[in-house]
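Chemist: In case you want the letters, here they are:
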Amino acid sequence: MTATVTPGAVTAVDGPPGRGRLPGPRLRGGPLLSWVTLGLAGLVTVVALLAPWLAPHDPVQSAGELYAPVGSGGHLLGTDGIGRDLLSRTLLGLRTSWLMALAIVALGLLAGGVIGLVAGAFGGWVDAVLMRITDLFLALPGTLVAIAVAAALGSGLGNTFLAISVVWWPFYARIVRGEVRALAARPHVEAARMAGVGRTRLIVRHLLPGVVPSAVITASLDVGSVVLVLASLSFLGLGQSAPAPELGADTSRALPELLAHWWIPAIPGLAVMALSLVANLAGDAVRDLLARDGR
Amino acid sequence: MLHTMDDTTTADPPVTPVASLRGLRVSMARNGVRSTVIKGVDLDIRRGEILGLVGESGSGKSVLSLALLGLLPRASAPVVSGTLTVSGVDMAAGPEEERRLARGRDLGVVFQDPMTSLNPTMRIGDQVAEAAGSGAEAVRLMRAVGVPQPERRMRAYPHELSGGLRQRVMIAMAIAGGPKLVVADEPTTALDVTVQAQVLRVLRGLTDDLGCSVLMITHDLGVAGQITDRVAVMYAGRIAEVGPTAQVLERPRHPYTLGLLASRLGLTTERGAPLRTLADDAAPDAAPAEGDTGCAYRTRCPLAMPRCADELPPLGEAATAAPTAFPHRSACLLADEARQRLLGDAPAAEAAPEPVTEDVKGERAERAQPIVSTTELRCDFTVRDRRGRKATLAALRGVTLDVAAGESIALVGESGSGKSTLLRVIAGLETSFTGAVERPGRRLTQMVFQDAGASLTPWLTVRELLTERLTGLRLDRRARRGRAAEALRSVGLPEEALDARPAELSGGQRQRVALARATIVPPAVLLCDEPTSALDVSLAASVLNLINTLRRDLGMTVIFVTHDLSVARIVGDRIAVMYLGRLVETGAADEVIADPKHPYTRALISAVPGLGVTLPDIVGEPPSPIDPPGGCAYHPRCAVAREECATTLTGIQLVPIGPRPPRGSGEQRRGVACVHRGELR
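Residue numbers (numbering that gives the first Met the number 0), protein chains in the order written: chain A, 0 to 294; chain B, 0 to 680.
There could be a bad hint or two in this list.
[To be verified] If you anchor each label on the Cβ, the simulated ranges turn out as follows:
(1) B:Ala135 with A:Arg180: 47 to 55 Å
(2) A:Leu42 with B:Ala502: 30 to 38 Å
(3) A:Trp124 with B:Thr399: 55 to 63 Å
(4) A:Leu42 with B:Glu463: 32 to 40 Å
(5) B:Ala92 with A:Gly38: 39 to 47 Å
Hints were generated in silico from the structure; no laboratory data involved.
The structure displayed is predicted, hence computed values, not measured ones.
Glycine is no exception: its CB is placed at the ideal position from the N, C-alpha and C atoms.
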């Protein structure tokens, strides 16, 4: 028997349970609520993708009785003043809003993320130039740019998309750049440099993964805002041109009928609200799940 | 200063203790898992005594102190059973209002980091007065704990004070209103050694002058040995041993206490042999599972018997002990036999290990050539001073140092000495300096950081962290994996650790991974920035052993930064002492410790806490490197300063002293930067 201690430098550490445990199978799956919310967002996406096949009627053609109320036969959500099926219009409007919002956020995240990453990782004049350009775009008021684009290029879905995309990415550039700067000051980056890690690998493997969670969290919380911005631009007549369905535009056009036939403006309006709610809840869920995973 | 209670106290009528714990159990939930942190503790804190509570991280000592204060975090849903009374108030289950009043009236608390416990937006005076009741009382308290010019300091904000002063202010607040018990949780751990000695003095004075009791929580048996009357050693939520300090430290009866004492570094620890460590580096929270009925220490205990798994040893006195008011109890089935059996075996264990330093010394001949060399290194930083103005912080003020190939040198100094800056300049991480640095290329210079956890990229696996250093070596995947596994083996980790992420490893394991990363491609120079200062004693000892072994196996030069002279002595062939950006003394480790030639080195050595070491009388704190004193920077604190020291130009030069080492031996002469040239009385 040896004395108090194990002589020699090296004590093999086997895996007793506790803090020093070496990994076994990693436990996945977290708070049920977060996954349910994310599932809801996934469902909305599937519905949006399949909307043309799910819609029972052609959304722009009259499909029967005018002003059919909610729940009437053959028209679950009723029809509008020229007999168009509101369920079909809502489904296709939802498709436009949701997919466009996702695309705008994804594009902004990609562009802003790359610019922020490069600015933050390189610093110096690269940082200065990129961030001043970002500031310039950040200073543009979104709605006004959209109006200007619409005025210059004509109103239409594509132009609205362009207008919002132009003003949306700078937020991500700022967030990512700030996160990268903060991460770069942490010891593990210095240790990686000391270990002789090349610049590209340093950025891609030692910086980027640390930034992704906060950028994705911000972005997913933003989907709801983009849905609202899109709807409000369409509401102002700057988005989808008639007669194609769009939730904001439909709400706006039917507003005069609110008192006589409440469901015609209310249904697309409520759909916008529901979409933005789902987007925000999903954003929260993403945040909870990523934060739980830890850095 | 060991305050041993003499036997006359037994004659006194038994007084009611200030705090009394009976069968205390605390369980708390973490990440949804409930675990029992305190597993039945009986303890009394008597009037006017300092009780030291010693244990490794995870032993439950901090939870115990929070329970005592009635401040267990509600978020972790604590469940307390047993009784816990502080001067008659039930701190476990009493009404919240009553507990709050008791905290204000009978309890004071000093935490490790005063910066986080003081309100940064309030003037010091207002904060102390809030606790003391009036400004005049605040001044009196601050004077009592040794804050110089308390009237002036009243107007300062916490960030304008040094760490030592902040801790004194915390103590002043803790003793406001004359509490019966002050709970001090690692109050000196964040302080420099010379300041630590002063703060310990203040704490000792509290009981001597004010008669209040102190519960002193510490991981350092040396600190406990210096000021406590009694010590309780905690392991995995239970008291392993308790008794008068002198008895516990000089005649420990529990194998755990014996192990802790053996792995503790002191200025007399043998240098050649590997340091002793506790078996199994896993932290104590790796102890047996919930509901286990045996002794928690048995998994690491060299004396463990089958009985230990079934029977929970009670805290008992030695059979031969005379009845006393201050019994020495230990929770081990073997009772006094444990000590005899362990110490009886000790010589055999000492003979076995191969010498570490001797081997390296054999290669002295090829060592003459310096591998790292700095010449008149200066490094200034522009910072904001305490008032927010731009100021120059002189981190290095002319450092000339040669490190021979194969040598290991320990850079020692307190905060602000520039030791870390020097290391960073050598590492190439700090580029704004003047003077010259010569060192091998980047691939051949590697570094181990203080906080291993922070220095390992959290989302990468150990495999990635190791193999990314192999790029450019043209190895295929299998060869890389093999190299990584081999590197892990060399630091004592199993191959399975390859797939772990840093967060899944314990502190000691992380530091081992950091070492494996630095040595997977053997470097010529290994730079170490306090790699053991955040680790428990036994873990620190095993990491130091590892560094010494790797150094011998790979023939590395080691430059090791530390604030701890006992660590410096173990890792360094040579010690270089720094003070405010300058070298003040260099020399062979043994000689510097045995016969320090600079007054500052003397002070440092006297401040190293040890068993039976009296608290030294050291004045002042290291001044700020912004606007340091002229001449020899140490002169305002120096006991042997002369008038010329304030302006001397020669006294700051490192001059060779003592006999010249034989030619070709590769050894360097001692150097000291002092007007006395080492001729101290």
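Chemist: Hint by hint, note whether the structure agrees.
Modeler: Evaluated hints:
no., hint, verdict
1, B:Ala135 with A:Arg180: 47 to 55 Å, "holds (48 Å)"
2, A:Leu42 with B:Ala502: 30 to 38 Å, "holds (34 Å)"
3, A:Trp124 with B:Thr399: 55 to 63 Å, "violated (36 Å)"
4, A:Leu42 with B:Glu463: 32 to 40 Å, "holds (36 Å)"
5, B:Ala92 with A:Gly38: 39 to 47 Å, "holds (44 Å)"
Comparing the model with each numbered hint stated earlier shows that hint 3 is the single one that does not hold.
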